[in-house]
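K.L.:
Using the sequences provided together with the hints, build the complete structure.
One letter stands for each residue in the lines below.
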Amino acid sequence: MQSQRGAALIAAPRVHLTASEWRQLRTAAPFVLPWVIGFFAFTLYPIIYSLYLSFQSYSGFGDAVPVGFANYKHMFTDPLFFKSLYNTAYYTLLAVPIGLVVAIVLAMLMNQNVREVAIYRAAFYLPSILPLFALTFIFIVLLNPGFGLVNFFLGLFHVPTINWLGDPSWTKVSVVILAQLGAGGPALIFLASLRAVPTELYESARLEGAGPLRRFWHITVPLITPVILYDLLYGTILGLQIFTPAYILVGGTSGGAAYTAGPDNSLLFYVFYLYKNAFQYSDMGYASAMAWVLFLISIVLALLIMRWSQYWVHYEGA
Amino acid sequence: MATAREAREAPAPPLTVAHFPRPRPPLMDRLVPKGVLVRIGLIIACIFFLLPFYWMVNSAVKTTAELTNFPPTLIPQVFDFGNFYRAVTYIPFGTFLLNSVLLTSGVTLGAAMSNPLIAYGFSRVKWPGRDFVFGICMATIFLPFPVLIVALFDIFAKLGWINTFLPMIVPAFFGSPFFIFLMRQFYLSLPNEISEAARIDGANEFQVFLHIILPLAKPAVAAVTIFAAVQAWGEFLAPLLFLQDESKYPLSIGLQFYRQSHDVAYNLLMAASTLIVLPIVALFIAFQRFFIQGVTAGSIKG
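Chains as they are written, first to last, in our numbering: chain A, 1 to 318; chain B, 319 to 620.
No lab work stands behind these hints, which were simulated from the structure alone. There could be a bad hint or two in this list.
Here are the simulated lysine-lysine pairs, PhoX-like style, with alpha carbons at most 25 angstroms apart [to be verified]: (1) A:73 to A:83; (2) A:276 to A:83; (3) A:73 to A:276; (4) A:276 to B:476; (5) B:566 to A:276; (6) B:476 to B:566.
Beyond 10 angstroms from chain B on every Cβ pair, some chain A residues (computed) [stated by the list, open to error]: (7) 19; (8) 57; (9) 60; (10) 100; (11) 123; (12) 157; (13) 166; (14) 216; (15) 225; (16) 226; (17) 244; (18) 251; (19) 265; (20) 275; (21) 288; (22) 314.
Just so it is clear, CB atoms sit at the ideal spot from N, CA and C, and this is done for glycine as well.
P.N.:
Pasting the structure below:
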């Protein structure tokens with residue numbers, strides 16, 4: 001979507017302005033200025049400020065003491081830092097591809113030619129606008145090893161009881177499943193691009209004897225690659241910042257979260273650990289260094305995905 | 319080039335196109351009436367996506383004994399609607415609700431006021447460097463919010479904003495890239511001639527915005543408003559960080575209190591969740607059109 005214009009936008013604007021261009025700027029300023037001010041105050045300044053904090057020892061109160069690269073060096077000897085990095089990578093690598101497939105399948109279901117399709121669209125989309133914290137609480141009930149519906153259902157197929165939220169090898173999978181409830185949002189964007197595919201393409205492919213799978217792979221997929229790219233980018237960034245479900249699943253403010261982050265710290269995601277450092281251990285300096293590392297990781301991943309996408313994204317008319 | 323009208327008036331061409339032999343439909347299509355298989359798939363998917371919602375309501379009206387029994391009952395044997403009353407008295411639900419309403423109203427007002435204005439400057443006014451600045455704005459969509467939380471906390475603490483709603487509400491008045499994108503898409507679909515005509519009549523740019531374009535953009539403003547409200551209602555991380563007093567908590571944070579001790583009041587938790595989710599479901603049913611248009615930025619009909 002917007003990313004496809006990204007490459008052309010990086011060209012820096014000219015500096016010398018004519019009188020009429022100044023007039024244009026004066027006209028536009030009242031409209032755009034709120035965003036510009038907000039960008040400086042609530043985005044750019046905090047980023048720069050946390051870079052400064054990352055070189056300090058700072059508890060949030062009193063004065064910050066410069067410590068050079070100590071916060072960054074500490075990461076290399078902090079097993080929990082690597083644990084949180086591992087958990088986040090594990091989650092993102094699982095959630096993004098699964099989320100992509102679920103969203104596309106959902107979009108194709110939403111695109112079926114049945115009269116009551118609007119009802120299905122509404123049903124698939126609704127969970128994605130429900131508050132994540134509420135869905136997480138519902139999952140606690142659904143996945144309960146003692147009385148949960150999910151294990152009861154799996155038990156009908158003689159699947160042994162799974163301790164979804166108590167067994168460290170299943171906790172992250174539970175969060176991945178939970179995240180799929182939000183697939184309705186991206187599915188709607190996919191649906192829009194599915195419907196933009198000219199039907200003549202399918203017709204002529206059918207006449208030439210292409211089956212449904214070949215039609216999907218050679219017509220549908222190329223035409224929705226721009227949305228796939230957007231979904232990959234946005235999904236990855238969302239995956240990196242997974243926090244709320246983990247925080248609630250391990251017990252939240254009312255107890256558990258202060259000490260553990262799930263069995264064997266299996267839900268200690270990157271942002272969760274950052275949060276703990278900043279707001280439970282009052283180590284704002286270390287948390288800021290972690291924030292900057294996360295910032296760099298997300299930039300590098302976004303650039304890598306954009307670079308990779310040049311090999312498979314198909315732009316109409318390009 | 320033949321226009322549609324000419325084509326319609328022209329005599330029907332003789333049927334000289336080779337008649338393709340119709341391929342035999344696949345076996346499944348011959349055995350099952352059309353649409354049945356598709357509907358089975360759709361309904362199974364529906365069950366998966368609506369199950370959490372159903373289970374929430376189902377658990378909300380069960381007694382504790384029935385809820386913690388195995389196997390779970392798909393339909394409650396006893397409907398205990400008293401759970402709703404107990405749920406709102408078990409925790410200071412009224413306080414949390416009021417805080418949620420205040421927070422949501424503030425954020426929604428900010429979003430509804432700022433985004434239509436900002437997006438106008440990015441689409442219907444020409445100025446040097448516009449697309450470059452817009453590119454930066456869009457790039458911030460891909461900036462993880464947690465990158466900012468430590469610095470923001472310190473900044474807000476120095477401003478004395480901790481434990482107030484200001485850290486959530488004030489930034490909303492400065493626009494959000496998603497909503498700016500959505501509004502801009504809509505503005506771009508309006509022809510330029512409308513603005514030109516008003517400008518020739520002597521209107522300044524702000525008048526064009528307020529009296530000509532904004533009334534036409536009502537559906538998009540509605541979409542932004544609804545999305546902002548839904549988002550603010552479900553916001554978790556920011557209130558968790560910036561609010562410390564229990565009396566300031568919105569429902570998202572307050573729900574934690576159903577499991578103060580080791581004992582979790584699951585049915586009350588689900589009853590409260592039902593009450594929290596209900597306004598969003600109502601909003602969705604009432605304004606479905608705007609949700610769909612909003613997500614797809616006007617590129618889909620129906």
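K.L.:
Starting from residue 73 of chain A, check that the Cα of residue 83 of chain A is at most 25 angstroms away, please.
P.N.:
holds, 16 angstroms
K.L.:
Just want to verify: residue 275 of chain A was marked as not at the interface with chain B; is every Cβ pair farther apart than 10 angstroms?
P.N.:
Residue 275 of chain A not clear of chain B: closest Cβ-Cβ about 7 angstroms, inside 10 angstroms.
K.L.:
Taking 10 angstroms as the cut and beta carbons as the points, is residue 19 of chain A off the interface with chain B?
P.N.:
Since the minimum Cβ distance to chain B is about 12 angstroms, residue 19 of chain A lies beyond 10 angstroms and the statement holds.
K.L.:
When you look at the beta carbon of residue 157 of chain A, is every beta carbon of chain B farther off than 10 angstroms?
P.N.:
Consistent with the label, residue 157 of chain A stays out of reach of chain B, its closest Cβ about 14 angstroms off (over 10 angstroms).
K.L.:
Any Cβ of chain B at or closer than 10 angstroms to residue 100 of chain A, or is the non-interface label fine?
P.N.:
Non-interface label stands for residue 100 of chain A: nearest chain B Cβ at 16 angstroms, farther than 10 angstroms.
K.L.:
Evaluate the condition: distance from the CB of residue 216 of chain A to the nearest CB of chain B exceeds 10 angstroms.
P.N.:
Nearest chain B Cβ is 15 angstroms from residue 216 of chain A, so the label holds.
K.L.:
Run the distance test for residue 476 of chain B versus residue 566 of chain B: straight-line Cα separation, threshold 25 angstroms.
P.N.:
Distance ~19 angstroms between residue 476 of chain B and residue 566 of chain B Cα, so the pair holds.
K.L.:
Just checking, residue 314 of chain A versus chain B, shortest CB gap more than 10 angstroms?
P.N.:
The claim holds: residue 314 of chain A sits with its nearest Cβ about 18 angstroms from chain B, beyond 10 angstroms.
K.L.:
Does the structure keep residue 73 of chain A and residue 276 of chain A at a Cα separation of 25 angstroms or less?
P.N.:
Holds - the C-alpha atoms of residue 276 of chain A and residue 73 of chain A are around 19 angstroms apart, at most 25 angstroms.
K.L.:
Hey, is residue 166 of chain A genuinely clear of chain B, shortest beta carbon separation above 10 angstroms?
P.N.:
Holds, because the least Cβ-Cβ distance between residue 166 of chain A and chain B comes to about 14 angstroms, which exceeds 10 angstroms.
K.L.:
Take a quick look at whether residue 566 of chain B and residue 276 of chain A sit within 25 angstroms of each other, Cα to Cα.
P.N.:
holds, 21 angstroms
K.L.:
Could you let me know if the closest chain B CB is still more than 10 angstroms away from the CB of residue 226 of chain A?
P.N.:
holds, 12 angstroms
Hint violations for this structure: numbers 9, 11, 17, 18, 20, 21, all remaining hints satisfied.
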